[in-house]
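**Q** Listed here are the chains, written in short residue letters.
Number of protein chains: 2
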Amino acid sequence: MSEQTSPVNNFHRKTNDRQEYQRTIRMDTESAQKVLYVEGTTLKANLGRCAPPNSKFFSVKCTPTVKYSVVPPPQETPPGSPVVLEDKSKLLISMTSASQHQDDSKLSVSYYGQDEDVLGTAVLHLTALEISLDVDADRDGVVEKNNPNKGSWKWGPDGHGAILLVNCDAERSYVDKPDNKVDYIAKLSDLKDMSVMALRTRGPAKLPEGYKLTMHTCEGHAEGLRVYMSKPRYGRQSSSGAAKDYTPVLSSHVLSGEVPYVGGEAETNFYVEGLRFPDKDFDGLVRISLSLLEPISPELPETPIFTDTVTFRVAPWIMTPNILEPAEVFVCSTSDNYAFLKGMRSLVAKSGYKLSVCHEYMNRGDRWMQDELEFGYIEAPHHRFPVVLDSPRDGKLLNFPYKELLGPDFGYVTRVAPRDDVSSLDSFGNLEVSPPVTVDGRKYPLGRIIIGVAFPTTTQGRHMIKVVQDFLWAQKVQKPIALYSDWLEVGHVDEFMTFVPAPDRKGFRLLLASPDAGYKLFRGLKNQGHGQAKLFEGCRNQETITVDEILEDTVLQADNNYVQSCIDWNRDVLKRELGLEDSDIIDLPILFQLKQNEGDVHRAVAFYPDMVNLIVLGKNLGIPKPFGPKVDGRCALEAEMCSLMEDLGLSCTFIDDFASYHLLQGEVHCGSNVRREPFDFKWWNLDM
Amino acid sequence: MSEQTSPVNNFHRKTNDRQEYQRTIRMDTESAQKVLYVEGTTLKANLGRCAPPNSKFFSVKCTPTVKYSVVPPPQETPPGSPVVLEDKSKLLISMTSASQHQDDSKLSVSYYGQDEDVLGTAVLHLTALEISLDVDADRDGVVEKNNPNKGSWKWGPDGHGAILLVNCDAERSYVDKPDNKVDYIAKLSDLKDMSVMALRTRGPAKLPEGYKLTMHTCEGHAEGLRVYMSKPRYGRQSSSGAAKDYTPVLSSHVLSGEVPYVGGEAETNFYVEGLRFPDKDFDGLVRISLSLLEPISPELPETPIFTDTVTFRVAPWIMTPNILEPAEVFVCSTSDNYAFLKGMRSLVAKSGYKLSVCHEYMNRGDRWMQDELEFGYIEAPHHRFPVVLDSPRDGKLLNFPYKELLGPDFGYVTRVAPRDDVSSLDSFGNLEVSPPVTVDGRKYPLGRIIIGVAFPTTTQGRHMIKVVQDFLWAQKVQKPIALYSDWLEVGHVDEFMTFVPAPDRKGFRLLLASPDAGYKLFRGLKNQGHGQAKLFEGCRNQETITVDEILEDTVLQADNNYVQSCIDWNRDVLKRELGLEDSDIIDLPILFQLKQNEGDVHRAVAFYPDMVNLIVLGKNLGIPKPFGPKVDGRCALEAEMCSLMEDLGLSCTFIDDFASYHLLQGEVHCGSNVRREPFDFKWWNLDM
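As given, the protein sequences belong to chains A and B, one line each in that order. Under my numbering, think of the first position of the first sequence as 1281, with each following residue one higher. Under my numbering, think of the first position of the second sequence as 1281, with each following residue one higher.
One chain only, chain A, in its complex shape:
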């Protein structure tokens, strides 16, 4: 199926198409014609059309630089001698090399009557040009010459087609606006975020009078790109200009613009800037054309007599799963989270990563670093950088992404929505991504995005807002999965699932919260005589409860039966959509309880710190300290967790988030965020 869904001019195909690019020209026995020829094309003259009346024969002469053939092929005759003129006789003309001077080549056709008397001669003065608009269509970071596939885009390792980055970083870190929002280049370093496009020409010192080169795109594509060039100085492009020397040739409101022709053998660089990410109404493909225009007269539009076209795809925004190497860990500092911060500092330091603390002047008490933003990146063969997706949640952390993160080589993108339409499910604790998987033979080498929504069968449920869902689906390379998370009070998928790296099987395990595993553990404790062991010992503002009391609480048991059925439902979906087996999944002993909210709806919250809401830093896990019942002085929940994780070579660090996060219905994962290194796998090598 063609990828092209929006109107695109078919005015010219590129020269390298299988079907040769032919241009019909007129010949005239009354006056000599001047014709500009572009290498790789064929000129075609209809010999019958311009023949004087009563013409019966014709002959052709030309300079050595010109090649011609007659169709249909005439009967063999001595070279140069007249051949029979048929009504449909055509002359096909090409040239072997670019002209050094205007009109330096020539071809003439003489017409003869029945008695071989000359009735007239039509003369062409020819000038040959080489023109090529070039991009990095083979994706090696270098703009090659006239790639035969530059006009189209194909996914996969055998694919082709150039790539554009959305220029969503900010070269000037003190500006709160990404570079793609302004139509000038503030710093020269901004050019490296753009894709180089080279115009290569060879020909005489100047184009013949009135001819010109024009770059153009169409309305739909112009919304997605801007093209800059350096203003020519003294008739030549400056080799090392200042930022202000660069002006847009094309932009959303300028669909065509003249570009200079530089004589002899020349190369002019253009810089193509992506303006928008793929979305529901934009498939990410944009085309740019370069045409040679022929003048007719001042009152008439010039005719494009040759067009070369290149295609770019805007790089998608890509999320990074837990198995990727961390680059930087983010947490908030608040007036009451000292214990948590201390635990995190120690874990991050031990793991050898960088910790960035968002201080209170910026977070204004909003500690949910996971929820305000999601880290990802964009990549082209020539460049890549991290890009933060800012959630429409817009809590008190709302300024952090664009004030603190946006900067040189750190991009920013967001989707906005009316305040009243935003729900808790729009926080990005509800936006995760799996490690690479293969499902029924289909490979997802960048994993699959996971979000949480309500059952589609209910009319009252909460959902992730459509503008964000549309954005996520449109990126295409990490095809999303929608789970059921609306059964949770907060409603985030990170409350019941996460992924940790593993040395075997698929390279990871899916961890799921499991009340059944919790009850099994507690029943085992009771059987071993630990029914009086207490949970929540040492937690302020929290009464303790014994294992026996938990097991005797029939309401809690009913709540957890329901929660288990909700998680099992998601488990079945995850197994199908990620191609998992039961052995790829580990059940963690976690209990929930239902709370009645304003709308009389019962939704779940964690009964004790929700260990699945953990942070993965390489082989170290930062886990909410569960404050479970102690056996021989050791927390039985911690012991179980450690035992399960140690089998995978992972080390557990339990962090006390009880007062400052757990009681506010979040845990370690909700209160942190990790920017990770990109995948080694290049997204354009996906087989789509």
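Hints listed in this document are in silico derivations from the structure and should not be mistaken for laboratory results. Incorrect hints may appear among the rest.
In this list, chains with the same sequence are indistinguishable; a pair is considered to hold if it fits within one copy or across any two.
Simulated crosslink set (DSBU-like; lysine-lysine; CA at most 30 Å straight-line) [as the list claims (entries may be wrong)]:
no.: 1; residue 1: Lys-1370; residue 2: Lys-1786
no.: 2; residue 1: Lys-1461; residue 2: Lys-1560
no.: 3; residue 1: Lys-1962; residue 2: Lys-1457
no.: 4; residue 1: Lys-1336; residue 2: Lys-1910
no.: 5; residue 1: Lys-1756; residue 2: Lys-1723
no.: 6; residue 1: Lys-1368; residue 2: Lys-1386
no.: 7; residue 1: Lys-1855; residue 2: Lys-1370
no.: 8; residue 1: Lys-1683; residue 2: Lys-1622
no.: 9; residue 1: Lys-1875; residue 2: Lys-1855
no.: 10; residue 1: Lys-1324; residue 2: Lys-1723
no.: 11; residue 1: Lys-1472; residue 2: Lys-1425
Assemble the complex: chain A is given as a structure, and chain B must be docked to it using the hints.
**A** Relative to the frame of chain A, chain B by itself:
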């Protein structure tokens, strides 16, 4: 590449997916569980999870209707004797036929300790249902049972997937609004414009308490469809209800709704109505799901435990080229077009088709029947009807399409645009379609749409408005070609090109206006001594001009050289994009002249009636009478035209449109329109 670009719930795949649909259920030794089983699925119970502490062995018993297996498979033991319980032991359960009564089947698992003492028994009471949401996925006009491919859509003769019509006709001809604009069914006959979707169930007389069936779709898809059902009477669906008995189950604002379960073996019909055509933001695919919901408690949302999904594609709007059989010819009657109307009446009568005249009370003097609308059709295996695309031109004919054409089995669609943004290029004389072609091996069995625009290289040109272009491109099945028509004062492609049927080659010829052919003819006349023959003899308000005068007019020659270069440019594009050879093209002797308009731009108009602007009625052509120079009493232009067309077995009728159309810059084609029979080829058999 996946066709899915917008968020769709992956909540369930259909039962027929390669990966079996498994549902995790809970077993409990404390209390027996009631479980509803849906045929084609597998229930999975984690035996370890609900085992009493210290369990070492287990055994399974069940009624004959239940099948089970244990994974991993235990070592062989005598049937019924206990097997070793492993931590990961799972029980897979299925059932062989639908239940007649609730809980009529049973399965139990007993757990044993080290000494084979019974520690507990978990019991399941099972009820089996058959549920299938069915459509005509094999496209034979009949809703088959549980087609394994009903959940997806594939193009081509080996393809599958159901089809939806936009219900854009009006069952009540006195209503000016298509049926898809109202959310009720006004007449029972409206049901035949919809696609039948059947819910087939088999099971006990009633669903167990609290269970229900829900139909649902997602936000993006709901915009494109509505689903009606007949309100059940006395607990049963009425077999022959009245229109008012039908109410929408799903619509753009209702994304889910309960549907009745009918006991025993039952089939309930739903009627699916398409609401919008494919467009830039809508790929035409919509999905509808049917879920079985399990109750938990009044405060908790019901859980979907089984979902069946069907996919429809909305049928595209298809244009009909000149080679198709006419069904009805449309012209306007005005105070001054008597001669034209007489000629058309005679031609249409001779050809044996129906002529419909739009009278002055409706056309209010607007005679351009071609420009206000384009006829096309939509088709599904069960039904098809013509659909008029109303142009945003909105001249005085603007009421005609929806007042006169819209009616039972005659659909209407339009795209609206701000008045000031509409140009002459938005008239549908500028929207044509080629006959079927094959280009570089790619087949277009429905031809390709042709529109005219300005060069993409100019910033001042006129274009066809984007909303219409987006619509045309989104239909996909007749991939459009953009020609250059802005060089014409009126700017329509039908001023320089048309297609006529032919008995040989590709089944048609492309006719092109050709000033060169015109000059050749006039020079030949002069050479034969007819230089004093006059054009325009007998035309009122028009001075005559001789062949000699034409040939001596150097300005006219220059104008026509330019026009020929514009047409040649289009000729080159058409050859490439339609895969044509020169022998597929016929040049008609037509001259143009340039006129200077307000904006100081020079654009072309026909110098004498533009013969290419003709109407094709089978083998009869209605051609503007050219009023050319007479030789031996016969118009030389008519003679040439007849000679060219007679070679193709076509008969020429010349119609005098001089005063009433030609002088107003239009001709026969501009002043008429033809509704044609649909293609035999079914669009869904296209290989995309």
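**Q** Each hint: holds or not?
**A** Quick rundown of the hints versus the structure:
1. Taking the closest pair of Cα atoms, Lys-1370 and Lys-1786 come within 30 Å of each other only across two copies (21 Å); inside a single copy the shortest separation is 65 Å, beyond that limit.
2. Taking the shortest alpha-carbon separations for Lys-1461 and Lys-1560, both the intra-copy value of 20 Å and the inter-copy value of 25 Å come in at or below 30 Å.
3. Taking identical chains as interchangeable, the C-alpha atoms of Lys-1962 and Lys-1457 lie at most 30 Å apart only when both belong to the same chain, with a minimum of 28 Å there against 52 Å between chains.
4. Taking CA atoms no more than 30 Å apart as the test, Lys-1336 paired with Lys-1910 passes between copies only; the shortest distance there is 27 Å, against 110 Å inside one copy.
5. Proximity of Lys-1756 to Lys-1723 under the C-alpha cut-off of 30 Å is found in both arrangements, the shortest distances being 13 Å within a copy and 29 Å between copies.
6. For the identical chains of this complex, Lys-1368 and Lys-1386 are intra-copy neighbours only, at 23 Å inside a copy versus 86 Å across copies, given an alpha-carbon limit of 30 Å.
7. For the homomeric pair Lys-1855 and Lys-1370, the shortest alpha-carbon distance between copies (15 Å) is at most 30 Å, but the shortest distance inside one copy (66 Å) is not.
8. In this assembly of identical chains, the alpha carbons of Lys-1683 and Lys-1622 lie at most 30 Å apart only when taken from the same copy (25 Å versus 76 Å across copies).
9. In this assembly of identical chains, the alpha carbons of Lys-1875 and Lys-1855 lie at most 30 Å apart only when taken from the same copy (29 Å versus 71 Å across copies).
10. Taking the shortest alpha-carbon separations for Lys-1324 and Lys-1723, only the inter-copy value of 27 Å comes in at or below 30 Å, while the best intra-copy value is 49 Å.
11. Proximity of Lys-1472 to Lys-1425 under the C-alpha cut-off of 30 Å is restricted to the intra-copy arrangement: shortest distance 20 Å within a copy versus 58 Å between copies.
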